[in-house]
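Enquirer: Sequence:
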Amino acid sequence: MRSVIVRSAAQAAALSVALACGAAGAAPPSVADDIPMADYLGLLAQIAPAAEEGARAYLQAYQQRCGRQLATADLRRAMSDGDGDPMLMAMIRASHLRDNATQAQLAQRIACERRASR
0 MRSVIVRSAA QAAALSVALA CGAAGAAPPS VADDIPMADY LGLLAQIAPA AEEGARAYLQ
60 AYQQRCGRQL ATADLRRAMS DGDGDPMLMA MIRASHLRDN ATQAQLAQRI ACERRASR
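Numbering-wise, numbering that gives the first Met the number 0 puts 13 at position 14 of the sequence shown, and it's gapless, one number per residue.
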């Protein structure tokens with residue numbers, strides 16, 4: 000039950016970030032994918048701090064395991080497609096629970112296959 004709540008909060012945060020970009024007149028959806036990562040993470044922090052912390056941990060693990068950075072558009076998709084990327088959602092949950100051991104274990108299981116940014 001708790002994981003469903005955390006997943007819902009993370010997805011609500013992702014939707015809110017997307018809506019905030021649109022409401023602010025930031026750009027149409029195709030250009031909004033180019034929002035700087037720092038801005039996206041900052042918006043997540045305002046909406047759901049655990050989602051921002053989990054996303055940062057996910058980004059760091061992806062960088063370490065895959066040798067490259069994840070684009071903002073790819074993180075947004077990982078956050079919002081379907082039920083969200085299971086690894087990202089688990090890292091957000093671990094952040095929410097302050098479970099560093101689980102977060103470290105999850106970081107070792109990050110997959111490097113990502114769809115390219117559009």
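Keep in mind the hints are simulated off the structure, nothing from the lab.
The beta-carbon is built from N, C-alpha and C at its ideal position, and this holds for glycine as well.
Heads up, a few of these hints could be off.
Label pairs and their computed distance ranges (CB to CB) [claimed, not checked]:
(1) Gln104 with Pro35: 16 to 24 Å
(2) Asp33 with Gln107: 26 to 34 Å
(3) Gln45 with Leu96: 16 to 24 Å
(4) Asp33 with Asp98: 17 to 25 Å
(5) Asp38 with Arg67: 17 to 25 Å
(6) Ala37 with Arg64: 19 to 27 Å
Enquirer: All hints, please: hold or fail.
Expert: Against the structure, the hints:
1. Gln104 with Pro35: 16 to 24 Å: violated (30 Å)
2. Asp33 with Gln107: 26 to 34 Å: Since Asp33 and Gln107 have Cβ atoms about 30 Å apart, the given range 26 to 34 Å holds.
3. Gln45 with Leu96: 16 to 24 Å: holds (21 Å)
4. Asp33 with Asp98: 17 to 25 Å: violated (33 Å)
5. Asp38 with Arg67: 17 to 25 Å: holds (20 Å)
6. Ala37 with Arg64: 19 to 27 Å: holds (22 Å)
Hint compliance for this structure: hints 1 and 4 are not met, and every other hint is.
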